[in-house]
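On the provided structure of chain W, position chain P as indicated by the hints.
2 protein chains.
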Amino acid sequence: MNSLESSNQPAFQRGVDGLLVAIAQDASTKSVLMVAWMNAEAFQETIETGFATYYSRSRKRLWRKGEESGHRQQVVDVFLDCDQDTILLSVNQTGAACHEGYASCFFRKYEEGTLKVIAERLVDPKDVY
Amino acid sequence: MNSLESSNQPAFQRGVDGLLVAIAQDASTKSVLMVAWMNAEAFQETIETGFATYYSRSRKRLWRKGEESGHRQQVVDVFLDCDQDTILLSVNQTGAACHEGYASCFFRKYEEGTLKVIAERLVDPKDVY
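Which chain is which? The protein sequence lines are W and P, in order. Start counting the first sequence at 929; every next residue gets the next number (my numbering). Start counting the second sequence at 929; every next residue gets the next number (my numbering).
This is chain W alone, in the form it adopts within the complex:
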């Protein structure tokens, strides 16, 4: 067992600026909802509260998902990848994961060099933010 495998925690020390990629996947539909970043503190808060908390690189602070919009993510399961440097959250999403009002941030499909919107908005962003 090497030193990596001997730790049961995400390897935040291996991320850039101590940040690791975190994916939120809908527990029911299995749709990939969004990708964000976590530091050790965000991960700890996610585990302790049972709701997804990320680290906002633009705002340089913890980002309690849904703290403004109410569109929180209740965490059902937490997975780590083989290298322990990516986090996968299985979540129950309230409202829309995407700040543009779509269920998932991945609402555009790339086809022959163009982007095509493939989903309907769940909510109008103006009503939320």
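Calculated from the structure, these hints are not laboratory results. Just so you know, not all the hints are guaranteed correct.
[As the list claims (entries may be wrong)] One-sided excerpt, in silico: chain P residues whose CB lies under 10 Å from chain W:
(1) Y1038
(2) E1039
(3) I1046
Where is the CB? At the ideal position from N, CA and C, for every residue including glycine.
Here is chain P on its own, set in the frame of chain W:
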């Protein structure tokens, strides 16, 4: 329409070292298989060949997924997120996505501070690499 929205391409210039996060999701099971990185060249090759090509940060070169193992990923659909800085591939996976022989790299569940293996190996890594 701002300059970001006017582009139909992933915003590689906004990634660290020109790299963006790329997620591979199984087209059938919707399981998240792995997370890797792409630069513009890897993305272009993925689109042109129809098979996932990433950029290996450790080897500092293009990584044609499955080039050694044969465990290639045929790309079914390509999605971009709202910020156009994350790529989601829907793929048909041959063999195991994970170099440790599991179908998905996310084969460990985090529970009460410990990691629990929740999947069976599909293949023995020694037989592949």
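Cross-check of the supplied hints:
no. : hint  : verdict
1   : Y1038 : 4 Å, holds
2   : E1039 : 8 Å, holds
3   : I1046 : 8 Å, holds
Hint check: no violations occur; every hint is consistent with the structure.
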